[in-house]
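Engineer: Sequence:
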Amino acid sequence: MTGNVMTSPVGEMSGTRQTAVPRMRRRRVMNAGDRIFLAIIRSAALVPVLLIILFVGILIAGSMPSLRAFGLRFLFNSEWQPNAEIGEDYGALPFIYGTLFSSVMALLLAAPVGIGVAVFLNEVFTSRLRGAIAFLIEILATIPSIVFGVWAFFVLVPFVRDGIQAHVQAIFGTGFVLFRGPPLGIGLLAGTLVLAVMILPMIVSISLEAIRMVPSSYREAALGLGATRWEMIRLAVLPPARSGLIGACILALGRALGETMAVTMVIGNKNVIRWSLFEPASTISSVVASNFGEAGGDNALMLPSLTELALILFAMTLIVNLVARFLIRRFAGDKAVIA
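Residues in the sequence shown are numbered consecutively from 1008, following the working numbering.
Hints listed in this document are in silico derivations from the structure and should not be mistaken for laboratory results.
Glycine included, C-beta positions come from ideal geometry on N, C-alpha and C.
Just to be clear, a hint being listed does not mean it is correct.
Simulated crosslink set (EDC-like; lysine to aspartate or glutamate; CA at most 20 Å straight-line) [unchecked claim]:
{"hint": "1", "residue 1": "LYS1277", "residue 2": "GLU1238"}
{"hint": "2", "residue 1": "LYS1277", "residue 2": "ASP1041"}
{"hint": "3", "residue 1": "LYS1277", "residue 2": "ASP1096"}
{"hint": "4", "residue 1": "LYS1277", "residue 2": "GLU1086"}
Here are the simulated distance ranges between beta carbons [to be verified]:
{"hint": "5", "residue 1": "ARG1337", "residue 2": "PHE1044", "range": "35 to 45 Å"}
{"hint": "6", "residue 1": "GLN1088", "residue 2": "ALA1296", "range": "12 to 22 Å"}
{"hint": "7", "residue 1": "ARG1187", "residue 2": "GLU1086", "range": "21 to 31 Å"}
{"hint": "8", "residue 1": "VAL1056", "residue 2": "ALA1228", "range": "39 to 49 Å"}
{"hint": "9", "residue 1": "GLY1182", "residue 2": "LEU1147", "range": "34 to 44 Å"}
{"hint": "10", "residue 1": "VAL1162", "residue 2": "LEU1329", "range": "35 to 45 Å"}
{"hint": "11", "residue 1": "ALA1234", "residue 2": "PHE1299", "range": "48 to 58 Å"}
{"hint": "12", "residue 1": "ARG1332", "residue 2": "VAL1131", "range": "28 to 38 Å"}
{"hint": "13", "residue 1": "ALA1228", "residue 2": "ALA1296", "range": "50 to 60 Å"}
{"hint": "14", "residue 1": "PHE1333", "residue 2": "GLY1094", "range": "34 to 44 Å"}
{"hint": "15", "residue 1": "ARG1187", "residue 2": "VAL1054", "range": "48 to 58 Å"}
{"hint": "16", "residue 1": "ILE1048", "residue 2": "GLY1170", "range": "33 to 43 Å"}
Produce the complete structure using the sequences and hints provided.
Structural biologist: What follows is the structure in structure tokens.
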């Protein structure tokens, strides 16, 4: 009929949809409990940011006298003279050198061993004891730093003195600058070795999780194409887990940079730069821990200098984390595994 107006199903559907949208919007309006919960979790998310800002602000404020007195010369000065009568003079270069050398060398020693242990446990070792061994390795990460320090002082230092140093100097002599030093056992090598032992469980634990996240189909495909077990690990397991392995090494390096008590007990705490592995040295953490109780009094610039050392260490760890994020994004493809 010409007088009747026909309504299309599309129009009815669009009208229904238009009326449903306001109803859905009304349902999305949060009640008081939701608003309170949202405010709580937003505040919790801001806590780490506020803590970092607070830490940096306190360090900058505490180190301002040292920054005004020494400026950039503090980074390249090797003197550490707290005697106020002849003039205070402080520099961070020996401690920066000791921190970087011991941490990087510890990482170079621990990373191949840690990744190798993780690969062995997940890809080679088929016994039921695999879980127990992995658990024992993770337990090592929970041992307090002071316990590692006591162990290193009574076990590692004699081993370095009577084992490594005695044999190395008997073969190469003391003419080579890298092997000079008195037969004490306490020195840069001892500090490096205890750091390597301390960061090893972290590398093993994170690397193991990264390797476990590689799909089993990768391994089956490699073996199906005729690859040996080593070729399967090299081609189908390690490349996808590469970003996780890099993250494990960088996190371990961050812990090594800030380690204090264990290194303080065996590194010798000498405020000089020595290129020998057997000479006493010092790190930023060890010098802060050793001298913080004596700071103040007549030495007006000693406490600000120690605070500036802490600020430098914070900047170093921040740079390490930024480099880690860059490397993980650089090496992590669409199929990479991030631990």
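Engineer: A separate judgement is required for each hint: does it hold in the structure or not?
Structural biologist: Taking the hints in turn, this is what the structure says about them:
Among the hinted pairs, LYS1277 with GLU1238 is inconsistent with the structure: their alpha-carbon atoms are about 48 Å apart, more than 20 Å. About 58 Å separates the Cα atoms of LYS1277 and ASP1041, which puts this hinted pair outside 20 Å; it is violated. A C-alpha spacing of about 16 Å is found between LYS1277 and ASP1096, which places the hinted pair at or below 20 Å, so the restraint holds. A distance of roughly 11 Å separates the Cα atoms of LYS1277 and GLU1086; the hinted pair therefore holds under the 20 Å criterion.
Distance hint check: the CB atoms of ARG1337 and PHE1044 are about 38 Å apart, consistent with the given range 35 to 45 Å. Hint check: GLN1088 to ALA1296, Cβ distance near 20 Å, so the stated range 12 to 22 Å holds. For ARG1187 and GLU1086, the Cβ-Cβ distance of about 22 Å falls inside the hinted range of 21 to 31 Å, so the restraint holds. Our hint of 39 to 49 Å for VAL1056 and ALA1228 holds, since their Cβ atoms are close to 44 Å apart.
One distance hint, 34 to 44 Å for the beta-carbon pair GLY1182 and LEU1147, holds here, with the actual separation near 39 Å. Separation of VAL1162 from LEU1329 is about 37 Å and conforms to the stated range, judged on CB atoms against 35 to 45 Å. Between ALA1234 and PHE1299 the beta carbons are some 56 Å apart, a value that agrees with the proposed interval 48 to 58 Å. Under the hint 28 to 38 Å, the C-beta atoms of ARG1332 and VAL1131, about 32 Å apart, fit the expected range.
At roughly 52 Å, the beta carbons of ALA1228 and ALA1296 sit within the given window of 50 to 60 Å. One distance hint, 34 to 44 Å for the beta-carbon pair PHE1333 and GLY1094, holds here, with the actual separation near 43 Å. Taking 48 to 58 Å as the suggested C-beta distance range, the pair ARG1187 and VAL1054 conforms, at roughly 50 Å. For the pair ILE1048 and GLY1170, the beta carbons lie near 55 Å from each other, so the given range of 33 to 43 Å is not met.
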